[in-house]
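Colleague: All chains, full assembly: derive it from the sequences and hints.
Chains A and B, in that order, are what the protein sequence lines are. Reminder that position 709 of the first sequence reads as 797 in the working numbering, one-by-one numbering, no gaps. Reminder that position 189 of the second sequence reads as 288 in the working numbering, one-by-one numbering, no gaps.
Read the hints as simulated data drawn from the structure, not as lab findings. One should not assume that every hint holds.
[Stated by the list, open to error] Just a few of them, taken from the derived set where beta-carbon distance is under 8 Å, the chain A residues facing chain B: (1) P203; (2) G374; (3) G446; (4) A474.
For each residue, glycine too, the CB sits at the ideal point set by N, CA and C.
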Amino acid sequence: MLVNLPGPWNPWLGRLALSEIPYTNPILAPLFVVVVVLVLLMVAGITYYGKWGYLWKEWLTTVDHKKLGIMYIILGLVMLFRGFIDGLMMRTQQAMAVGPHASGMMGAVHGYLTPFHFGQIYSAHGMIMILLAATPLLVGIMNIVIPLQIGARDMAYPYLNALGLWITAAAVVLVMASLFVGDFAHNGWFGYAPIFELAYSPGVGVDYWIWTFQLVALGTTLGSINFIATIVKMRAPGMKWLRLPMFTWASLSANIIALTSFPCLQVAIGLVAADRYLGTHFFTAGFGGNLMLYTNLFWLWGHPEVYFVILPAFGMISEIIPTFSEKPLFGYVTMVLATFAIAGVSWLVWLHHFFTMGMGPYVSTEFSVATMLVGIPTGVKVFNWAFTMYRGRLTYTAAMYWALGALFLLLVGGLTGMMLSIPAINYMVHNSVFVVAHFHMMLLCIVYAIFGSVIYWFPKVFGYTLNEAWGKTMFWLFSAGTALVFIPMFMEGFMGMTRRLDWPFDPHWAPYLDIQMLGILAYVLSILAFVVMLYVSIRDRAQHRAAADAWGTSRSLEWLTASPVPFYNFAVVPQVNARDEAAWRREHGLSAQRASHYDAIHMPNNTGNAIIIGGLTFVLGFALTWRIWWLSLISLLAIIAMMISHSAKGDPGHVIPAEEMERMDREAERAMPRADLPRHSGGVLGGAIAYDSGAAGAGSRNLRGAPDHRP
Amino acid sequence: MFTRKWQPLRWVRYVALAPLLLLLNGCATHSIWWIFDPHGVGAKASFDYMMIDVAVMLGIVGLTAIMIVWFMWRYHKGKNRGTYDGKWAHSTTIEVFVWGIPIVAVGFLSWVVAINGSFAVNPYNPTVITRHLKPHGDPIEVDVIATDWQWLFIYPQYHMAVANELVVPAHTPIFFKLTSTAVTTDFFVPQLLGMIDVMPGMRTKDALESDSIGRYQGVAANYCGAGTSWMLFKTRVVSKSEFASWVHHAQQSTGNLTVAGFNRFAEPYININNKVEYFSQVQKGLFNQVILEVMQGRKWPLPMFMTENMVGYLKKQAAEHRA
Ligand code: HEM
Ligand SMILES: [Cu+2]
Ligand SMILES: [Cu+2]
Chain A
89 MLVNLPGPWN
99 PWLGRLALSE
109 IPYTNPILAP
119 LFVVVVVLVL
129 LMVAGITYYG
139 KWGYLWKEWL
149 TTVDHKKLGI
159 MYIILGLVML
169 FRGFIDGLMM
179 RTQQAMAVGP
189 HASGMMGAVH
199 GYLTPFHFGQ
209 IYSAHGMIMI
219 LLAATPLLVG
229 IMNIVIPLQI
239 GARDMAYPYL
249 NALGLWITAA
259 AVVLVMASLF
269 VGDFAHNGWF
279 GYAPIFELAY
289 SPGVGVDYWI
299 WTFQLVALGT
309 TLGSINFIAT
319 IVKMRAPGMK
329 WLRLPMFTWA
339 SLSANIIALT
349 SFPCLQVAIG
359 LVAADRYLGT
369 HFFTAGFGGN
379 LMLYTNLFWL
389 WGHPEVYFVI
399 LPAFGMISEI
409 IPTFSEKPLF
419 GYVTMVLATF
429 AIAGVSWLVW
439 LHHFFTMGMG
449 PYVSTEFSVA
459 TMLVGIPTGV
469 KVFNWAFTMY
479 RGRLTYTAAM
489 YWALGALFLL
499 LVGGLTGMML
509 SIPAINYMVH
519 NSVFVVAHFH
529 MMLLCIVYAI
539 FGSVIYWFPK
549 VFGYTLNEAW
559 GKTMFWLFSA
569 GTALVFIPMF
579 MEGFMGMTRR
589 LDWPFDPHWA
599 PYLDIQMLGI
609 LAYVLSILAF
619 VVMLYVSIRD
629 RAQHRAAADA
639 WGTSRSLEWL
649 TASPVPFYNF
659 AVVPQVNARD
669 EAAWRREHGL
679 SAQRASHYDA
689 IHMPNNTGNA
699 IIIGGLTFVL
709 GFALTWRIWW
719 LSLISLLAII
729 AMMISHSAKG
739 DPGHVIPAEE
749 MERMDREAER
759 AMPRADLPRH
769 SGGVLGGAIA
779 YDSGAAGAGS
789 RNLRGAPDHR
799 P
Chain B
100 MFTRKWQPLR
110 WVRYVALAPL
120 LLLLNGCATH
130 SIWWIFDPHG
140 VGAKASFDYM
150 MIDVAVMLGI
160 VGLTAIMIVW
170 FMWRYHKGKN
180 RGTYDGKWAH
190 STTIEVFVWG
200 IPIVAVGFLS
210 WVVAINGSFA
220 VNPYNPTVIT
230 RHLKPHGDPI
240 EVDVIATDWQ
250 WLFIYPQYHM
260 AVANELVVPA
270 HTPIFFKLTS
280 TAVTTDFFVP
290 QLLGMIDVMP
300 GMRTKDALES
310 DSIGRYQGVA
320 ANYCGAGTSW
330 MLFKTRVVSK
340 SEFASWVHHA
350 QQSTGNLTVA
360 GFNRFAEPYI
370 NINNKVEYFS
380 QVQKGLFNQV
390 ILEVMQGRKW
400 PLPMFMTENM
410 VGYLKKQAAE
420 HRA
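Modeller: This is how it looks when you write it as structure tokens:
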């Protein structure tokens, strides 16, 4: 061992021991029981209904970008919930503990969480929300929508796509494991040097944090390569650059950011790992280490990362608002320019996260001005959305509610961001809950855009629309939560309340913390509304069967193919004639036009490799966390072996003959409602992703399970 | 599909707006609004810059919000308030304004607030304080050492030190040098001066001047481990004569701080009882000595599982520190 580990270690189990399982903890132990029971119920259910084969064939081994996207979104929603529970616990702790006379319980002096436990919760909250909730949700939606918007059959590298998902899932499992085995980092989601060094964080918490970060970073980088390749190389004939839908543009810029910035994160975190595992001194205070270097390296990724998550959200808003305004997006070209301007400037501003480090007025000023420059294209975007609505015909659907909500949050976030970007102001509010409120405005803007797009694209993927009334109810409850939590939080920022206090010492803050608890209650209700929305929508799916163009006023290419989208996306790859192809065809009376000629198509085969490699990366992460060297080595070798063998084998794919395509196309068309909504077309129909991929082999073409999903 | 049916819980939309009422209460009281009630020269300057920035940004953001709401109302489908033009998607005039307004605003803010402000409250040499250095008499120096989790303020000019309380005279510039023994945190007195990082093995600087006698709360603004929330220090701005007698009082105390004494002081300690300690003798050059030792690898490591049970930990701490 190269470092002095405090505590026991043995060659077989590493640092793992029975005492690492917190079965005496009054919060974790019951939670653990609940999780175990849920998992057992799920396993029992799947076995009872004999769905293991279905699950394996249709989902776990799939390379279909829509199914992978759905799984990304489910993963993201689950983690959004987990992150929310963290938030709930933090708010409860602060509300209970405020002031010098607050009582304490369960080993805490005030409230019910000890500082160490509280630190773990907010660190997990931040990391989960940004990397394991927002990112998978966005990647999931990009996965589903991008190939459809550019008229591709799948992503450029379907197998890589699956690999990205399963590695991300491994990160999720790793972070969840930290709840029940050992503990998690307490150094904040971004990590402070040198508190994460072994001397100040002797447990395995920081190691969990390191390997979770590494896994998501890897998964996301793989994904970004795939998205860029897909957008550059897989566009349908006629889909020129300036005809690209705005969401695809936004995703392209976001993925360029991801591809160029994630390696920086991996290096930064890798050096932390070197310090903790090899005893190097990159970020220690002594022996020539430089802890400020860590902060720089981290935010050199960290700031681009926040734009990696917001740009796709901007893209979503740019799709939803035109559809429900019945007008093209205002100023398309400037919108593209603004998107890339934001992406470009985002590399040049990272120092604004630590103006207080004392870098001197010249350096501060440069980064301050650069940060404010981001405000220019952001402002342009807001104006352009406003002018998209100008002279429009606005329909207030639930999706539109969420998009407009995002717009207002962006205004508040932008205003406060422009305050934070000025050093003179930043010194007073940095590290205060004002900053926390600022970035929650921005991140909630993303969450709003995500909920909007889930509602917006749901009929495309599943073939029926979600319940509007419950969608709106959820919106208002969620917004009540947002207002009740974050308006008081901004105010506390002006009262000088700093962030990450497990004990808010000033009793004057109490009423504001109590109001935030009401907000949490509203959020809880909104989650219930979400569940009800799903239930009601699935129950009434027959009445809400969607046509190809589910909203009747949609604009981009994805609305030409059948709803739900068949596994091959487009039976005949459409010729693109205009920027908003669906709208263009509608205006020229071509919506009902159908293909007269079908060709055989070639689709990739499913593979179990991706999920196995994903599982092995989890084992690797877990083994490294606990310093079980033999297991780390074996899993690493296994991963490499599987990678090489898969690449050597290659994927011949399978061919679907032309007659088969024609038959499926007709079938899908018949399944869609005919009346009242404009007809689709371009000649594309077929089975639906919800119940058949057929990708398992060229033979099976039956629309298995169809009654489950159709009227 | 979009027929108006019963909407569950329609009234909740008003709840969403209710917190705005809080804003009404916002300006009535002061003193709890530390950022809006600055009493230090630096904090005041920051506050002024904030007001300029907010005024400009609120002008733009507020008008934009109003415009959006107006469009939302006017172009509501079926209400026939505005004319529909499904083709209109470009206007060079509007584009010029759309880019122009933010560019002008950012240009203005860059010069007036970003550049000027960065020099005015530059922690190493805040011109708001240094430009009238002479008339106020000799500045006072304070060396600040943050430990896990206490603050030590050394007054080298008076050869004394005090832990967890900062006392400074009014109308006098105070110059701080800061370092930390273990991890990074932030030195911050919300009503008096902005944050500055305090880092182990390194020295940062800050400055303070206040004309308002009073008591202010100082905090450790950056998470630095289990004791962060309790790492508080009262800051008293007192008259010059009172300061002189306070110094005299401190110099009479029995505590003395040698390097060995300091090493003991720097052991992890959660200051849960607001303990304030005085030291009449302070080893010369202690501040630099601490930086040097930390650079050479001196650590005050934390015990494993620091505070999973805090009450138990505090009992142990009390037993160890029965000094
Ligand atoms: C007009 C655009 C924006 C400006 C001018 C801006 C400015 C800033 C500044 C100066 C900080 C540092 C505050 C501090 O720690 O003292 C900050 C923090 C942050 N911003 Fe923004 N921001 C903008 C947009 C965004 C967007 C789009 C997002 C993400 C979706 C975002 C997310 C964050 C996050 C996550 C942090 C804090 C991270 C942390 O300390 O934990 N911001 N922003
Ligand atoms: Cu949060
Ligand atoms: Cu940033």
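Colleague: Minimum Cβ distance from A:G374 to chain B below 8 Å?
Modeller: At about 4 Å, which falls below the 8 Å cut-off, the nearest Cβ of chain B leaves the hint on A:G374 intact, so it holds.
Colleague: Using Cβ atoms only, decide whether A:G446 comes closer than 8 Å to chain B, and label the hint accordingly.
Modeller: holds, 5 Å
Colleague: For the hint on A:A474, does the least C-beta distance to chain B fall short of 8 Å?
Modeller: Interface hint status for A:A474: holds (5 Å vs cutoff 8 Å).
Colleague: Would the stated hint for A:P203 survive a check requiring a Cβ distance to chain B of less than 8 Å?
Modeller: At about 4 Å, which falls below the 8 Å cut-off, the nearest Cβ of chain B leaves the hint on A:P203 intact, so it holds.
Checked against the numbered hints listed earlier, the structure breaks none of them; every hint is satisfied.
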